[in-house]
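What follows is the residue order along each chain.
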Amino acid sequence: MYQVVVSEFSTSSLYYAEKKEKLKLYSYWKSSCSHRVRIALTLKGIEYEYVPVNPLKRDEFLKINPMGAVPALVDGDVVVSDSLAIIMYLDEKYPEPPLLPRDLHKRAVNYQAASIVFSGIQPYQNTPVARYIVEKTNAEEKTAWVNNAITKGFTALEDLLVSCTGKYATGDEVYLADLFLAPQIHAAINRFQINMEPYPTLAKCYESYNDLPAFQNAVPEKQPDAPASTS
Amino acid sequence: MKLYSYWRSSCAHRVRIALSLKGLEYEYIPVNLLKGEQSDPDFKKINPMGTVPALVDGDVVISDSLAIIMYLDEKYPEPPLLPPDLHKRAVNFQASSIVLSGIQPHQNLGVLKFIEEKINSEEKTAWVTNAITKGFTALEKLLVSCAGKHATGDEVYLADLFLAPQIYGAINRFQINMEPYPTLAKCYESYKDLPAFQNAAPEKQPDAPASTS
Chain A
1 MYQVVVSEFS TSSLYYAEKK EKLKLYSYWK SSCSHRVRIA LTLKGIEYEY
51 VPVNPLKRDE FLKINPMGAV PALVDGDVVV SDSLAIIMYL DEKYPEPPLL
101 PRDLHKRAVN YQAASIVFSG IQPYQNTPVA RYIVEKTNAE EKTAWVNNAI
151 TKGFTALEDL LVSCTGKYAT GDEVYLADLF LAPQIHAAIN RFQINMEPYP
201 TLAKCYESYN DLPAFQNAVP EKQPDAPAST S
Chain B
1 MKLYSYWRSS CAHRVRIALS LKGLEYEYIP VNLLKGEQSD PDFKKINPMG
51 TVPALVDGDV VISDSLAIIM YLDEKYPEPP LLPPDLHKRA VNFQASSIVL
101 SGIQPHQNLG VLKFIEEKIN SEEKTAWVTN AITKGFTALE KLLVSCAGKH
151 ATGDEVYLAD LFLAPQIYGA INRFQINMEP YPTLAKCYES YKDLPAFQNA
201 APEKQPDAPA STS
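As given, the protein sequences belong to chains A and B, one line each in that order. Going by the UniProt record's numbering, the first sequence opens with residue 1, and the numbers climb by one from there. Going by the UniProt record's numbering, the second sequence opens with residue 1, and the numbers climb by one from there.
Rather than coming from a laboratory, the hints here were simulated on the basis of the structure. Ideal Cβ positions, reconstructed from N, Cα and C, are used throughout, including at glycine. Fair warning: there could be bad hints in the mix.
[Claimed, not checked] Straight-line C-alpha distance at most 27 Å; calculated DSS-like pairs for lysine-lysine: (1) K93/A - K141/B; (2) K106/A - K44/A; (3) K88/B - K22/A; (4) K149/B - K118/B; (5) K106/A - K113/B; (6) K22/A - K75/B; (7) K2/B - K22/B; (8) K63/A - K141/B; (9) K63/A - K186/B; (10) K106/A - K88/B; (11) K142/A - K75/B; (12) K113/B - K136/A; (13) K152/A - K24/A; (14) K124/B - K136/A; (15) K152/A - K186/B; (16) K152/A - K149/B; (17) K24/A - K134/B; (18) K142/A - K204/B; (19) K35/B - K124/B; (20) K113/B - K44/B; (21) K63/A - K134/B; (22) K24/A - K88/B; (23) K124/B - K106/A; (24) K149/B - K63/A; (25) K2/B - K75/B; (26) K88/B - K93/A; (27) K106/A - K141/B; (28) K88/B - K141/B; (29) K149/B - K204/B; (30) K142/A - K113/B; (31) K136/A - K118/B; (32) K141/B - K152/A; (33) K45/B - K204/A; (34) K152/A - K45/B; (35) K134/B - K136/A; (36) K204/A - K44/B.
[What the hints assert, rightly or not] Have a look at the derived ranges for each label pair, beta carbon to beta carbon: (37) E21/A - D85/B: 13 to 23 Å; (38) F174/B - P95/A: 35 to 45 Å; (39) E47/A - N130/B: 34 to 44 Å; (40) D85/B - P128/A: 28 to 38 Å.
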């Protein structure tokens with residue numbers, strides 16, 4: 001006669017597994033940098049606790065992230081901030097699906113596209129910068145400033161991606177570039193009323209994200225801290 | 001390999017350090033940003049982005065300093081530009097990003113010209129000083145607990161390639177006082193002993209004006 005014995009060890013390790021802390025993402029619904037990380041987490045099927053932070057209320061948050069900017073990820077004892085650093089961390093710790101293609105040149109294109117967004121466009125449209133420009137000049141100059149940054153950046157992205165795009169930015173799989181493109185185009189269209197006609201490659205990529213739950217679930221208006229009127 | 005570079009471009013400076021660290025020979029091709037040579041049709045044929053630096057490796061053309069450095073690190077893995085530890089790797093990306101997206105975009109030529117034209121020269125100085133101060137304060141906090149001989153330990157990693165040119169520019173172009181940032185200042189001192197960093201310095205480049213050497 002055989003008895004099935006559930007050892008104490010196995011139940012306690014199950015208990016431990018259930019009690020393991022979820023990742024925490026400090027995020028702001030409208031932040032395009034947070035938006036990128038939300039896509040990454042969802043693509044990789046990683047559960048996380050969404051902790052809303054208003055980047056205009058800096059002091060408490062400065063303890064978690066010295067730059068006082070969202071997003072920040074807390075994974076047990078590890079705190080990582082900055083969207084690129086978080087995404088690379090997630091991709092290395094949770095490799096499936098991979099956010100970079102195998103081909104070296106295509107990997108470079110992904111880094112380049114991401115960089116055009118995070119160093120060539122987004123720094124010029126974030127709230128503190130926009131506020132500074134309005135204060136020192138006026139609202140029209142601010143609009144011109146942001147439009148100029150987006151136009152330059154989108155023109156560069158269009159040139160970069162037109163010859164290697166597939167279903168998505170750099171082929172038929174979603175990669176790093178898509179995580180940076182989607183939030184940038186979303187903001188350009190919804191916040192800055194940019195016309196996408198001059199950028200057919202980018203527009204086509206953006207359309208393709210509409211079919212992907214990981215992208216749709218990450219949009220600003222679906223986040224817990226989005227104002228009711230945006231949903 | 002060819003590197004399209006401008007002596008004073010901090011983005012090109014980062015790539016020059018990477019190439020030297022990895023012992024990679026390359027042909028230095030100057031592009032004068034002040035004269036607008038990056039918009040020349042001939043340069044744009046090679047690099048449609050019209051930006052410096054650009055690396056040509058056979059058929060492959062890559063621009064953007066981060067993309068070039070990651071490409072070099074993946075194709076020529078020794079010495080590695082990222083540490084084995086995941087968290088330390090994240091710190092390296094974060095430090096690089098603070099420079100790439102938090103500081104440098106606010107001090108490049110195009111932006112400075114815009115501010116000077118639309119506002120005035122004093123505002124331009126205040127703008128850059130503000131960006132550098134914010135960024136250096138964040139970097140100081142980020143690195144104070146993990147710096148060793150260099151930014152994230154006793155080996156040179158990605159963060160150092162971004163820090164060195166940024167601090168160089170801050171001191172030499174924008175007269176920033178490094179006293180509030182002892183960790184960054186100590187890192188910067190440590191680069192003085194490293195040929196890869198010294199050879200990459202702006203004043204040592206073929207297109208640096210004679211008076212700077």
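Here is what the structure says about each hint:
1. K93/A - K141/B: holds (25 Å)
2. K106/A - K44/A: holds (21 Å)
3. K88/B - K22/A: Holds. K88/B to K22/A sits at ~21 Å (cutoff 27 Å).
4. K149/B - K118/B: Given pair K149/B, K118/B is violated - Cα atoms ~43 Å apart, limit 27 Å.
5. K106/A - K113/B: Judged against 27 Å, a Cα distance of about 34 Å means the pair is violated.
6. K22/A - K75/B: The given pair, whose Cα atoms are some 36 Å apart, is violated under the 27 Å limit.
7. K2/B - K22/B: Given pair K2/B, K22/B holds - Cα atoms ~15 Å apart, limit 27 Å.
8. K63/A - K141/B: Measuring from Cα to Cα gives roughly 10 Å; hence the hint holds.
9. K63/A - K186/B: holds (24 Å)
10. K106/A - K88/B: At roughly 25 Å apart (the allowed maximum being 27 Å), K88/B and K106/A satisfy the hint.
11. K142/A - K75/B: violated (42 Å)
12. K113/B - K136/A: This hinted pair holds, its Cα atoms lying about 15 Å apart.
13. K152/A - K24/A: This hinted pair is violated, its Cα atoms lying about 35 Å apart.
14. K124/B - K136/A: Judged against 27 Å, a Cα distance of about 11 Å means the pair holds.
15. K152/A - K186/B: Cα-Cα ~37 Å, so violated.
16. K152/A - K149/B: violated (40 Å)
17. K24/A - K134/B: Roughly 25 Å separates the two Cα atoms, so the pair holds.
18. K142/A - K204/B: violated (39 Å)
19. K35/B - K124/B: The hint holds at about 21 Å.
20. K113/B - K44/B: Cα-Cα ~22 Å, so holds.
21. K63/A - K134/B: holds (15 Å)
22. K24/A - K88/B: holds (19 Å)
23. K124/B - K106/A: violated (38 Å)
24. K149/B - K63/A: Holds. K149/B to K63/A sits at ~26 Å (cutoff 27 Å).
25. K2/B - K75/B: holds (15 Å)
26. K88/B - K93/A: Distance of about 13 Å is within 27 Å: holds.
27. K106/A - K141/B: The hint is violated at about 34 Å.
28. K88/B - K141/B: holds (15 Å)
29. K149/B - K204/B: holds (24 Å)
30. K142/A - K113/B: holds (15 Å)
31. K136/A - K118/B: holds (9 Å)
32. K141/B - K152/A: Judged against 27 Å, a Cα distance of about 33 Å means the pair is violated.
33. K45/B - K204/A: holds (25 Å)
34. K152/A - K45/B: This hinted pair holds, its Cα atoms lying about 18 Å apart.
35. K134/B - K136/A: holds (19 Å)
36. K204/A - K44/B: holds (25 Å)
37. E21/A - D85/B: 13 to 23 Å: Hint holds: Cβ distance 20 Å, inside 13 to 23 Å.
38. F174/B - P95/A: 35 to 45 Å: Once the Cβ atoms are compared, 41 Å apart, the range 35 to 45 Å for P95/A and F174/B holds.
39. E47/A - N130/B: 34 to 44 Å: Holds, at about 39 Å.
40. D85/B - P128/A: 28 to 38 Å: The hint (28 to 38 Å, Cβ to Cβ) holds, given that D85/B and P128/A are roughly 33 Å apart.
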